[in-house]
Amino acid sequence: MKNLKKALLLAGLLGMAAAYMAADDSTKRYIAHIGKQVPYLPYRYFI
Amino acid sequence: MADYDAIVIGAGLGGLTTASLLSKNGFKTLVLEQSDIIGGCCSTYESQGYRFDVGASIVEILHPMERFFELMGKRREDYIELLPCDPIYSFITEDGRRFSYPTDVDETTKVIESIAPEDVEGWKKFASLGFEMIDRMMDAMMLSPMKTVPEAMRMVIKNPEAMRFLPLLMRTHQAVTRKYYRNPVIQSSVAFQSYFAGAPPEIGSGIFGFIALTEHLGIYYPRGGMISIPEGLARAGEEHGLEVRTGRKVEKILLDGRKARGVLLEDGSEITSDIVVSNVNAKVAYLKMVGPENLPRWAVKAISSYRHSMPCPMIYVGLDTKPDLEAHHTVVTGSIEAMNKVWNDYYTKDLIPSTAMSLICWPTEADPSLAPEGHHILNFLCNAPAPYAPLGDNWDRIKGWYREEAIKSLERVVLPGIRDHITYMEVSTPLDFERRLLSPQGSIYGLFSDMTSLALFRPHARSRVVDGLYLTGSSTHLGGGVPTTIASGIITSGYILKDRG
Ligand SMILES: Cc1cc2nc3c(=O)[nH]c(=O)nc-3n(C[C@H](O)[C@H](O)[C@H](O)COP(=O)(O)OP(=O)(O)OC[C@H]3O[C@@H](n4cnc5c(N)ncnc54)[C@H](O)[C@@H]3O)c2cc1C
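Chains as they are written, first to last, in the numbering used here: chain A, 67 to 113; chain B, 17 to 517.
Think of the hints as simulated: they come from the structure by calculation, not from any bench.
Take the hints with a grain of salt, since some may be wrong.
What the hints assert, rightly or not - In silico lysine-lysine, BS3-like type, Cα no more than 25 Å apart, as pairs:
hint: 1; chain 1: B; residue 1: 265; chain 2: B; residue 2: 275
hint: 2; chain 1: B; residue 1: 365; chain 2: A; residue 2: 102
hint: 3; chain 1: B; residue 1: 126; chain 2: B; residue 2: 195
hint: 4; chain 1: A; residue 1: 94; chain 2: B; residue 2: 357
hint: 5; chain 1: B; residue 1: 317; chain 2: B; residue 2: 304
hint: 6; chain 1: A; residue 1: 102; chain 2: B; residue 2: 317
hint: 7; chain 1: B; residue 1: 268; chain 2: B; residue 2: 44
hint: 8; chain 1: B; residue 1: 90; chain 2: B; residue 2: 44
hint: 9; chain 1: B; residue 1: 195; chain 2: A; residue 2: 94
hint: 10; chain 1: B; residue 1: 126; chain 2: B; residue 2: 141
hint: 11; chain 1: B; residue 1: 265; chain 2: B; residue 2: 44
hint: 12; chain 1: B; residue 1: 365; chain 2: A; residue 2: 94
hint: 13; chain 1: A; residue 1: 102; chain 2: B; residue 2: 357
hint: 14; chain 1: B; residue 1: 365; chain 2: B; residue 2: 415
hint: 15; chain 1: B; residue 1: 357; chain 2: B; residue 2: 424
hint: 16; chain 1: B; residue 1: 195; chain 2: B; residue 2: 141
hint: 17; chain 1: B; residue 1: 275; chain 2: B; residue 2: 44
hint: 18; chain 1: B; residue 1: 424; chain 2: B; residue 2: 338
Given the sequences, and given the hints that come with them, work out the whole structure.
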């Protein structure tokens, strides 16, 4: 069960990486932009 | 006993809306404005017989303004006269092709058909979904508080159709534009509106694409200049005892522990009140006026994480002739890629873009009284957005160069030979905006707006860290814009009335 979870997580991450690699430059920039902001969202929610 | 029931810092649209509504509800309210004129970004100043708008040049989505006057028990027409502007805007491609979008939807269909028959279907679908959204959701979207999960859920439960439109918030402006239009000219003639929300089409939220459709319900210019809007809001409040003092700069928000107890002015005087409403940039309110030493560390991290919205130099021109323009607004841009390039290759690298991306506004088309007889005025944004510190340089030093570039660009693409008719010209650089309005880095819409800094993720109108402190204006939910900041004032006053009414 634990191994299955790990495999699913890995597959998910690989899928996301593959989608990112296949995206055009503009989408990559958008993802990078949003990615940089995500760590702040929990703080922003509470202010 | 405190001096006032509520003190509002800043006489911008959000501040005046909040203050007037509080006055109407019996609060003894004082507005303190550092400038000599009210209105902030939505104001008008006079020079050599011309009346120029400081920033905002048009109003659309009248809903929040009408709601304000309804809540005040007054008629908007008695306070602000709005002149309709039709066509909505005229569009010029970089290679000089021109066309205009009329207010009328069927007439717009004909314009699109003449340029790109393949996009008529897309336009009809876009308009039908957009108008449905506007019809059903305007009140919920514009006037509901939306900062917490329970507030957002309440909004969705009351308006289940919101679920159909919310995904648009997640999509980019360019994705939405490309979904409905195939022709690159039509795409850029609508995608530039992303910059009206302060972001390039590849970052701006797709929902703004639909909001822009509201222009087809009418766009308006207030007689007497944009200042007529804040003047109307203030007058409505003054009839209920509202006091507005100009030339009064607030330095600090006074605290008793984590509780607001008034303000300290630049001249050293103190005015007390248990309710302090900030209409200034939220970063300034928390990090300068409250002070990081009075905030928990997480709150300092939260507020520091926001970026300011983009600055834009504005150019004010007086003319001794009627300009050869077709509409109140004329827009010049290149393709969607070119618009993104302005952001990625220039703005974020502290460079002034060299492309002809401009917005020319012609207020005397609607209201000739703004200039001496036979004269006209233009307010325009050119080679924008431009950075606050171009390559670390200072705008005071490059102002003359910029002015010359702007005129060349205006002559090349829009109005050949206009130089000979210029009787007055002034440039307000990002540095001038910062000095004039104390807006940090000359930001024109408060904080940057994208899906990570709107709604649940924008500073709350009711502070969660300082009791008695409330925020309003472009740094709060809905962001910059005339209707959105009036809406924010309605939301903020709603919180105060709920808490203290
Ligand atoms: C160049 C430009 C063009 C625009 N065009 C449009 C448009 O066409 N249509 C549209 O809908 N919107 C437009 N906008 C946006 C719109 O004008 C603003 O979002 C809106 O007016 C901001 O209102 P606000 O309530 O946030 O207050 P602000 O306008 O930000 O006003 C804040 C006020 O606080 C005062 N203040 C600051 N610090 C202090 C202090 N320490 N003490 C006392 N007072 C202080 C300032 O002087 C100012 O008057 C434009 C903005 C700009 C700058």
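Outcome of the hint check:
This hinted pair checks out: residue 265 (chain B) and residue 275 (chain B) have alpha carbons roughly 21 Å apart, not beyond 25 Å. Taking the CA atoms of residue 365 (chain B) and residue 102 (chain A), the gap is about 17 Å. The hint holds against a cut of 25 Å. For the given pair, residue 126 (chain B) sits about 20 Å from residue 195 (chain B) by alpha-carbon distance, which is consistent with the 25 Å threshold. Between residue 94 (chain A) and residue 357 (chain B), the direct Cα distance comes to roughly 14 Å. Compliance with the 25 Å bound is thereby established for this hinted pair.
Between residue 317 (chain B) and residue 304 (chain B), the direct Cα distance comes to roughly 14 Å. Compliance with the 25 Å bound is thereby established for this hinted pair. For a cut-off of 25 Å, the pair hint linking residue 102 (chain A) to residue 317 (chain B) stands: about 14 Å separates their Cα positions. With a CA separation close to 21 Å, the supplied pair residue 268 (chain B) and residue 44 (chain B) stays within the 25 Å bound. With a C-alpha separation of about 20 Å, the suggested pair residue 90 (chain B) and residue 44 (chain B) falls inside the 25 Å cut-off, and the hint holds.
Between residue 195 (chain B) and residue 94 (chain A), the direct Cα distance comes to roughly 19 Å. Compliance with the 25 Å bound is thereby established for this hinted pair. Using a Cα cut-off of 25 Å, the hinted pair residue 126 (chain B) and residue 141 (chain B) holds, with the two alpha carbons roughly 15 Å apart. Our distance criterion of 25 Å between C-alpha atoms is met by residue 265 (chain B) and residue 44 (chain B), whose separation comes to about 20 Å. Proximity of residue 365 (chain B) to residue 94 (chain A) is assessed by CA-CA distance (about 18 Å); at most 25 Å being required, the pair is judged to hold.
For the given pair, residue 102 (chain A) sits about 20 Å from residue 357 (chain B) by alpha-carbon distance, which is consistent with the 25 Å threshold. Distance restraint check for residue 365 (chain B) and residue 415 (chain B): the Cα-Cα separation of roughly 19 Å lies within the 25 Å cut-off, and the hinted pair is therefore satisfied. For the given pair, residue 357 (chain B) sits about 21 Å from residue 424 (chain B) by alpha-carbon distance, which is consistent with the 25 Å threshold. Taking the CA atoms of residue 195 (chain B) and residue 141 (chain B), the gap is about 10 Å. The hint holds against a cut of 25 Å.
With a CA separation close to 19 Å, the supplied pair residue 275 (chain B) and residue 44 (chain B) stays within the 25 Å bound. At roughly 19 Å between alpha-carbon atoms, residue 424 (chain B) and residue 338 (chain B) fall within 25 Å of each other, so this suggested pair holds.
Hint violations for this structure: none, all hints satisfied.
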